[in-house]
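J.: For reference, the chains in residue letters:
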Amino acid sequence: MGPAPSQPQDPAPPAGEATQLLASLKRGEAAASGRLLELIYAELKSLAAAALRGERADHTLQPTALVHEAWLRLVDQTRVEWQGRAHFLGTAALAMRRVLVDHARARGREKRGGGAARVPLEGERIPAPTGLDLELDVLALDRGLEELARHSERAARVVELRFFAGLSEEDTAEVLGVARATVTRDWRAARAWLSDWLQRGA
Amino acid sequence: MGASPFERAAERFEELAQLSVEERARALERLAEPAEVLEPLRRMLAGAAHPCAALDAPVPRAELPEWIGGFRILHLLGEGGMGRVYEAEQQAPRRRVALKVLKSAFAAPELRRRFETEAQALGRLQHPGLATVYEAGSAEVHGERVAYLAMEKVEGEALDAYLARARPTLAARVELVARVADAVHHAHEKGVVHRDLKPSNVLVEPSGRPRVLDFGIARLTGADLEVTTGHTHAGAVLGTLPYMSPEQLAGHASGVDLRTDVYALGVLLHEVLAGRRPFDLAGKTLAEAARIVAEEEPAPLGQLDARLRGDLETIAAKALAKEREQRYASAAALAEDLRRTLRHEPIVARPATTLYQLKKFARRNRRLVAALGFALLSLLAGLCASLVLALQAREQSALARERAAALELQLYRQGVAEVYRTLAEGRRERAAELLADLPRSLAGWELAHLERRLSSTNRALPRHVGGTYRLRADRAGTRLASAGPDGLRVLDAGTGALRLELDAGGQPRRFDLSGDGRHVFALGWSPGTLTASLWEEGRLVRTERHASDHMGWAECAFDAAGASVYWGWNDGLLRAWEVSTGRTRFTQPVQASDVRVLAVPEQGDWLVTGGDWGDSSLAVVERASGHVRRRLPTDWQAVAELVLLGGGPAFAARSQDGLVSLWPGPEQEPTRLDANEPILALASAPGGEQLLAGTASGRILVVDGATARLVGLHDAGAALQTLVPLPERRLLAAGTLDGRIVLLERDSGQSVGALAASPGTKAVVELLALPDGRLAAGHSNGDVALLATAPDAFRSLVGHGSYVYGVAFARGGRELVSVSWDHTLRRWDARSLRELASHPLPQRATALVTLGPERVLVATMSGEVVALDLADGAVAWRTRASPWDGSGAGLASSPDGTRVAVVDPGDARTRILAARDGTVLATATLPPRTRALAWDPADGWIAAGAPGRILFLDARTLAPRSELALEGTPQRLVPAPDGTWLAVGTREGRIEVVDVASGVPRARIGGGPGPMYALAVHPDGTRLASGSEDGRVLLWETASWTRVAELEPHVPRPPEPAYRYVWELAFAPDGQQLVSASGDHTLRLWSAAAPGE
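Respectively, the protein sequence lines represent chains Z and R.
In terms of numbering that gives the first Met the number 0, the first sequence opens at residue 0 and continues consecutively.
In terms of numbering that gives the first Met the number 0, the second sequence opens at residue 0 and continues consecutively.
In short, the hints are calculated from the structure, not lab data.
All C-beta atoms, glycine included, are put in the ideal place defined by N, C-alpha and C.
Incorrect hints may appear among the rest.
Stated by the list, open to error - Some but not every residue of chain R turned toward chain Z, in silico, with C-beta under 7 Å:
no.: 1; residue: A2
no.: 2; residue: S3
no.: 3; residue: F5
no.: 4; residue: E13
no.: 5; residue: P39
no.: 6; residue: R42
no.: 7; residue: M43
no.: 8; residue: G46
no.: 9; residue: A47
no.: 10; residue: P677
no.: 11; residue: E987
no.: 12; residue: A1038
no.: 13; residue: W1040
Stated by the list, open to error - Derived coverage of chain Z by chain R (criterion: at least 3 residues anywhere in the stretch with Cβ under 8 Å from a Cβ of chain R; other residues may be distant):
no.: 14; segment: 148-156
no.: 15; segment: 187-197
Please build the complete structure, drawing on both the sequences and the hints.
T.: Below, the structure is given as structure tokens:
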């Protein structure tokens, strides 16, 4: 992947910015974190929009692929430390979750005749993140995750990372800085918990 | 660790999930857990009974498959980049196995074939140190075809865990690695290379026997290639990268053989023996890590642990050799040598050969070897030449000639590299010597360029024993005076010849030279006596002695007209002498302590003095009478430096401890400069509007002379001792404490190079800009030198505000045209490098070609293609293509400049347009993703590069003529000047050279990281210049396709996005200049034109 040459949008996306933000994060500059989220959110949103408009060949929304694409587009691969990827993925999962939720809300409004400010109770069903033929109520999942986070912040993060950014257990462990076994356990428990929550509600 | 109720529930859930549904309910009853644990636990169990399928999405089915092939799955052992590992039970024969399910093995048919053949090879491996592969096959799992390997389930702990727990003795550790090597050797004998040896792939059984896992898996899954192709799994790389050999990291997948495993065994040995890896790669980028592994030598084991000195150190070093040929030829040889140390027998590995040691030495001490290297190399060359002669007598002379030619090329390359290196260190004279020794038979552009660069008039001046006090030059720059403890000299600034030696009556601590250079005034100190002397053309006009028990401070200065000289010293009195007669005009008290500093403005009737400890005030003094007109108090301890801004009236003073105040004039109030750190050097910017202040950390503050506001900030990179602007060159020269002179662009602050008089030179204490652009430098060790600063032969042009995406020579090579992402097209004089014009562009530019001498065609980001006339920047015509996608240029113009080919990236149409008005002359549809074009110099064909192939089209009709296959995606095409070959820069970072007539590949070179963006061929066809992602500009010799030189790389410009890629290169039509355009916002120009041309 080339640097600026592969970033032809106008205004030019700050192609090196994400790379530098990751470096800043490494140095412990917390302010970089918010800006990084903003950057990734914007990038994912445009990628997702293109995907949903059917501009992409596969016509499906695959968060894993989008996150990977954002990673390639925003970050100069040769100048990021290994840990940088973990930072990026951690942030990207959060951004992806927001993109999907915002999208679901927007679709809900459209259906209700536009302009309705009310957040729909039931979200739009969109294809599940892997593009498999499964459907999931993203808004319900979002609320479920919020509820789960009240029980265990970490387990909610595990779901967010695995589900919205498609991280492997290994990567998830690296992002969260916990043992792989912890991720495995959290993921199983959280998934079971959410399954019940989604079917029976609070 | 206090687990939350949910986390506690998660643990319980894990236990209960093993049970059947009925058992779960019963177990739940028996649990003695509080309600806040039971509540989420119940939910988990309920959810597990009725899982929401959508949540399984990220991993297709987290639940265990019941069967895979003939294996009953028991549970998941682990999951990694390559797939999952289950513990499973084989039915016949009934045994526990580790079942590895490989995700990507069947991603493509060729992978499937590879899997099948490799799996057979793995099945043949039978060794007590290896985990046996029982069976390989494929099976349907959840409707998906997966490949699996059933392997012996090894009970044991990972090597690193074992070492930490069992703490085996040194001998046991040596034996352990030897046994690992035995097992690896067995696999090598069966033709299987591991490629991914690391501690986590070595399990140690309770008996202490090591077992090597996952043989050949890396190749089966292509995982070993992932790291170097960028599709990498962060976690996987973390564990693997430190064990990768230089050839693996360089991406030479085909170059991986059993010696790659020997290298990994070397890393393992190093780690097992010393407790740490040879290289600390933590926190390094992949590129950095690759560089370190390729270039740096690990610390010898003996330095980490004295017990490892000697044989073990030698063995590890041999296994870890950068060049595969230097490593053990087999893992068995390594094991054998390890065991010899246990038996106290002499080992086979030698503490490297002399040559090898020399190479290692060279790698460690580049600087030193640069000085010795060439002589040494010449010696070796002599030796080899005689061998070649012997060979010639006995064997075919063709072979001998070939070898002799290769050797000569090698010598030439190394010589050129040494000249560049020496030059980069600022040792111009040494570089010139090396250059003179280079073999001329292979001379090309780079040699002419180096000669041009080294033809300057640098010269060392007579050294001052004991240090340099001061340097002064007359206004015309013809005379230079220097002083040190051994005397005061006046030299011819042009030739460096000594004109006068003056006796100042002691050490000439302070002196001044009149503007016309005819008069010298000096204050000499010998213990107990200060002598003031005035000379006219070397004739003593007046001398006067004063007694004192200490020298203290003193200062002197001529006025601009050279009518009076003013001086003062430790009695606080200011004296004025009439220069023509030597008569005293006045003697007046001005400071209560020493007169430490003194400055006489060019205009006005006043001067300024400053005092030392006891009176740190400044005094504005009447030049006619010596009366103090105004006293300027400071809260400092002493005034150390006084600088007039542009000759006055504004002046700045610096305190002993690095504080600076600025007075706009003698009547005005001062403003204090806020630098946050001590300022060590002051200088006036040309014109005097700005003050330059150099700091202890190497920053240069540019301060507005009227308001004292900071208007610029540069970084010279080392503590500054002296600072001087070079007005003619728009440069700043900064002398550092470590003896270098850093040259920076005055406006941008970008470093354009560093000068140093000679090796071992110490802090630059005096720096003087001569009107001809040269610098006079005095060092603390007494070295004095005249240095050329004119980097005419190598210039960085900073003129664009963003990435530069196109550059070309225009108007017969007299001018340069560049276009940038910053919406401008700029024209530059190719000789003086002056910017001639800047024209706005409607869009961000992405590519440029010339259409004859007076017109250019610019491709833009939006897809609009615009023809502009150079004379006025007016748009002649425009046409549309689809928006740029970041790939190749997609433009090429005919040799006569009358036609231009444009590829539309949207529909892959190519059109030929008339340069005059953009009329479409021909159209053709090309394969998708065709991006790069080249036009035959003989106007016969147009080459178009699409992924995997090059198409040749008729240059008039665009009718297809031929096509050839090519590995990779073309990014840039350039034809040979005679059209016989075509060089193709690929996105994969290589240069593929193909013979146009036959389509036969001539060479494949490169291998740099990232795409090969830029290529240019010298008009004489003997050199190809390449520019890549990493900012490097390389020159290749086109007969052997060998790299002959590496020019100064582009460097990123913080705080902008740190890009350095070279996007375009161009040789001037006369072949004398080479220009590069880069993402660092600059153009760089290298010239081989003779000086003065």
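J.: Now, for every hint given, state plainly whether the structure supports it.
T.: Now the hints, each set against the structure:
Violation of the interface hint for R:A2 is found here, the shortest Cβ-Cβ separation to chain Z being roughly 9 Å, above the 7 Å cut-off. With a least beta-carbon distance of about 6 Å to chain Z, the hint placing R:S3 at the interface is held under the 7 Å criterion. The closest approach between the C-beta of R:F5 and any C-beta of chain Z is roughly 4 Å, which is under the 7 Å cut-off, so the hint is satisfied. Interface hint at R:E13: satisfied, since its Cβ lies 5 Å from the closest Cβ of chain Z, which is below the 7 Å cut-off.
For R:P39, the suggested interface contact is upheld, since its CB lies about 6 Å from the closest CB of chain Z, less than 7 Å. With 7 Å as the threshold, the beta carbon of R:R42 comes within range of chain Z, its nearest partner Cβ sitting at about 5 Å, so the hint holds. Interface restraint check for R:M43: the shortest CB-CB distance to chain Z comes to about 4 Å, inside 7 Å, so the restraint holds. Because the closest C-beta pair between R:G46 and chain Z is about 3 Å apart, less than 7 Å, the hint holds.
A cut of 7 Å between beta carbons decides the hint on R:A47: the least distance to chain Z is about 4 Å, and the hint holds. A hinted interface residue such as R:P677 counts as satisfied when its beta carbon comes closer than 7 Å to some beta carbon of chain Z; here the least separation is about 25 Å, so the hint is violated. With a cut of 7 Å, the hint placing R:E987 at the interface with chain Z is violated, because the nearest CB-to-CB distance is about 12 Å. At its closest, the beta carbon of R:A1038 sits 31 Å from a beta carbon of chain Z; the interface hint therefore is violated under the 7 Å criterion.
Given hint, R:W1040 at the interface with chain Z, is violated; its Cβ is 25 Å from that chain's nearest Cβ, farther than 7 Å. With a cut-off of 8 Å between beta carbons, the segment 148-156 of chain Z has 4 residues touching chain R; three or more are needed, and the interface restraint holds. Only residues whose beta carbon comes within less than 8 Å of a beta carbon in chain R count, and the segment 187-197 of chain Z has 11; three or more means the coverage holds.
In summary, the structure is inconsistent with hints 1, 10, 11, 12 and 13 from the numbered list given earlier, while agreeing with the others.
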